[in-house]
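S.K.: Sequence:
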Amino acid sequence: MGAGDEPLSTTANPGKRADARRNEKALLDAAASVFVTDGVDAPVRRIAAEAGVGVGTIYRHFPTRADLVVAVYRHQVEACADAGPALLATAASPFTAMGHWVHLFVDFLVTKHGLAAAMRDDPDGFVALHALFLDRLVPVLAGILAAARDTGEVTAEVTAYQLLRAIGDICAGADRPDPAYDARLTVRLLLAGCQR
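The numbering of the sequence shown is this note's numbering, which starts it at 32 and goes up by one.
Treat the hints loosely; a few may be bogus.
Said to hold, decoys possible - For lysine to any residue, the following SDA-like pairs were computed, each having C-alpha atoms within a straight-line distance of at most 20 Å:
no.: 1; residue 1: K56; residue 2: A82
no.: 2; residue 1: K56; residue 2: C111
no.: 3; residue 1: K56; residue 2: D138
no.: 4; residue 1: K56; residue 2: D98
no.: 5; residue 1: K56; residue 2: G85
no.: 6; residue 1: K56; residue 2: P94
no.: 7; residue 1: K56; residue 2: A123
Since the hints were made in silico from the structure, they are not lab data.
Using the sequences and the hints, build the whole thing.
M.R.: Structure follows, in structure tokens:
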């Protein structure tokens, strides 16, 4: 293996060289981006081109498509979780932060739709990933909602879990072409309904 070609893990490893962590993030970001636009069945060569690596590099780190999809899923859960506090700290208002966070969450949901098919041979792993999803994202959205309520921007009596489920239901099937349906517009209408 050459420099920067250490195996990529699906969890943070503080002992890993900084360039290996950057390479891992770049690869997973590229795969997530391709999954959003082309679905989880996108050709590996498309992901490799987006990441600026060879196809062999992806297969070396993620021997199966399921391995890659799971790694992207975990990566996106952590990215969404980390984005919540950062958006609250920088957005013009908590409601604006919520809108930006929900946009990231919707991108994540497009990838998530292919997860069940990719993990059909590992139902226990799928259950564990769903638990990670709830454990990490419900508290983040709850914090954003609480901040928006404190400023009076959100008055609806909706819980973070209910809102995540509603957004998930709106986005179900959004990966299938339907020019008459715009999931993002419907999500914006849902968020507007949370305001006074």
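S.K.: Run every hint past the structure and note whether it holds.
M.R.: How the hints compare with the structure:
| no. | hint | in the structure |
| --- | --- | --- |
| 1 | K56 to A82 | holds (10 Å) |
| 2 | K56 to C111 | holds (14 Å) |
| 3 | K56 to D138 | holds (17 Å) |
| 4 | K56 to D98 | holds (15 Å) |
| 5 | K56 to G85 | holds (16 Å) |
| 6 | K56 to P94 | holds (18 Å) |
| 7 | K56 to A123 | violated (28 Å) |
Hint violations for this structure: number 7 only, all remaining hints satisfied.
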